[in-house]
Amino acid sequence: MWKTILRRVLIMIPEVILLSILVFLLAKSMPGDPFTGSINPRSSATQIEHLKQINGLYDPWYQQYWNWVVHLFHGDLGQSYQYHEPVTNLIGDRAINTLWLSAFTMVLTYALALPLGLYAGKHEGKLPDTVIRIYTYVTYCIPFFVILVIGLWVFGYVLNWFPTTGSVSPTASGIGMIGSRFLHVLLPGLLGALFGTVNIVQYMRSEVIDAKHSDYVRTARSKGVPRKDIYKHHIFRNSLLPIAAFGGYSITGLLNGSIFTETIFSYPGMGMLFIDSISYRDYTVITALVLLFGILNLLGTLLSDIILSIVDPRIRIN
Amino acid sequence: MAANTNLAEMSPKELESLAAQAKQAAAPSATKILWREFKADRPALISLIIVVVFILFVMISPLFIDSEKMMTTNILAYLTPPLQDNFLLGADANGRSIAMQLIVGSRNSIGIAIGLTIISSTIGIAWGLVSGYFGGYIDWGMQRFYDFMMMLPMTMMIIVLVTIIDDYNAVTLTLIFSLFYWMGTSRLIRSRTLAETKKDYVSASITSGTKSWKIIFREIMPNISSLIIVDTTLSFAENIGVETGLSYLGFGLPSRTPSLGTLIANANDPNNITQYWWTWLPAAIEIIVLCLAISYIGQVVSRAANASQRRVNK
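Quick note, the sequences are listed as chains A and B, same order.
Positions 1 to 318 (our numbering) are the ones given, in order, by the first sequence.
Positions 1 to 314 (our numbering) are the ones given, in order, by the second sequence.
If you're looking for bench data, these hints aren't it; they were derived computationally from the structure.
Listed next, the stretches of chain B that the computed footprint assigns to chain A, with coverage defined by at least 3 CB atoms under 8 Å from CB atoms of chain A:
1) 149-157
2) 265-278
3) 291-305
Partial list, computed: chain B residues near chain A (C-beta under 7 Å):
4) Val160
5) Thr163
6) Gly241
These stretches of chain A come out as covered by chain B in the derived footprint (C-beta under 8 Å, 3 or more residues):
7) 5-19
8) 134-142
9) 145-154
10) 256-267
11) 293-299
Backbone N, C-alpha and C fix where the C-beta goes; we use that ideal spot for every residue, glycine too.
Generate coordinates for the entire structure from the input sequences, incorporating the hints supplied.
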């Protein structure tokens with residue numbers, strides 16, 4: 001068990017190093033330099049040259065990369081020159097918002113998808129199964145951002161049920177603030193859940209169908225366990241852990257989606273910070289965010305792989 | 001006829017009837033199966049006709065539209081509502097016809113989606129076939145690269161690349177997208193190739209000394225062609241969302257070039273989204289209908305590819 005985890009972690013290290021080099025080189029090849037934005041009208045060309053010199057912008061790229069990595073390990077991601085704030089502080093604030101929205105979406109997705117998958121598997125090939133299949137297929141093939149825009153229009157503007165921008169209303173305080181925060185993630189969360197169930201539903205459905213024909217279920221049936229209890233205690237329990245493993249994989253999708261969700265709902269999270277930083281050419285923030293998203297993707301996959309290898313000994317590699 | 005087993009002694013008539021018998025016994029060709037399946041499923045046939053006619057329409061009609069004139073600002077037509085002053089679907093804040101932008105935009109978006117599907121599927125199929133066939137260290141190395149690509153935050157990488165490349169056009173954009181959208185296909189093809197490689201006909205070919213590339217592309221690939229067709233159809237529907245999504249964010253086609261995504265981006269203006277719905281809603285509806293129709297076709301294709309699921313089994 002531990003050997004498998006250790007092996008997975010060891011494989012990760014070169015991937016992270018490669019990612020950091022790639023991200024660094026991409027940031028380097030972007031137009032402009034970190035001083036373009038902070039140039040004072042009075043600073044002369046020689047002063048800027050001097051700034052570049054002492055900040056090592058003329059060093060060979062591997063030396064600059066090494067300096068960057070050393071700073072990284074000291075928790076120093078640099079300074080955002082648009083917000084004049086350390087990148088770590090800036091991302092910290094936004095990360096909580098994104099985390100809150102993503103966690104909410106994920107909980108809703110599972111709450112919706114698990115019963116649907118179970119129900120579809122139970123009634124395999126019958127009407128409910130067909131209806132659920134059509135639902136997952138329709139929600140799957142429509143591009144998500146289109147749904148977000150239409151949802152914002154219908155529920156945010158026309159019906160006026162939900163706030164259309166921000167993460168909390170500026171006037172709220174105390175208990176009201178928690179309520180307001182909740183209200184702000186409700187619409188994007190609901191839309192994300194409603195249109196993101198396909199993988200979990202299908203996986204759950206096939207798990208249930210597999211389990212239905214397995215020996216332990218037949219034994220339980222012949223012992224006289226009621227069908228309802230078999231679904232509740234045997235089949236559902238057994239499928240829960242592999243389903244939980246999906247949580248790790250879905251981090252990638254949630255992070256990718258957060259760029260669209262947060263931009264459309266003007267929700268101040270990491271995705272919107274990224275889009276803002278791109279338009280202001282705020283390279284330190286961009287680099288940090290791409291690196292962070294990459295590492296989060298990796299950790300999500302790692303988590304899923306570990307859970308799956310606990311559940312299914314066949315996956316463990318010797 | 002049974003007594004006459006020597007081919008040379010057969011009369012031409014007998015040979016003909018034998019050939020006809022063989023033809024009947026042989027499995028019908030893929031196109032025939034597909035056609036039968038579509039004929040049996042009316043909604044699928046209608047979707048197919050709609051999609052094909054629509055794609056032909058948006059590919060041909062922009063030839064008659066003067067795009068320079070179309071994108072010229074016309075203050076007098078500022079936000080004209082639909083069905084007024086010769087504007088079928090109204091005009092946007094710059095007085096430009098939405099209907100014309102929709103047609104040209106559809107051509108751009110669908111064109112990029114087709115290009116992306118062709119390039120990314122080719123990469124994915126080749127990657128999966130080679131990785132699955134050779135196995136061992138080659139497979140290991142190729143899968144590590146796959147893992148690395150899966151780790152990259154795709155949308156962010158594309159946006160960063162588009163920002164770096166200043167002077168990009170539809171072709172470079174398609175190539176950038178293709179870099180990041182071949183992985184799903186490659187995984188699927190690899191797992192099927194792994195199973196296929198263990199079959200007897202492949203072992204026989206290897207033993208008799210057939211070259212590897214010939215086994216891969218002339219023997220294994222035709223045998224998994226049904227999977228390839230299904231996957232390509234479904235990824236085409238998905239790929240429409242890729243370009244439009246990024247154009248919506250402002251990192252796809254430049255804003256002077258209409259695309260379904262830039263049209264939906266009209267909704268970013270709070271005034272447009274509430275009062276001037278015609279500036280963005282038609283494009284949104286078009287994307288939804290198109291994606292649903294194409295995926296529906298994909299479903300029928302995948303049903304046709306699986307003999308046990310076919311509606312017509314003769």
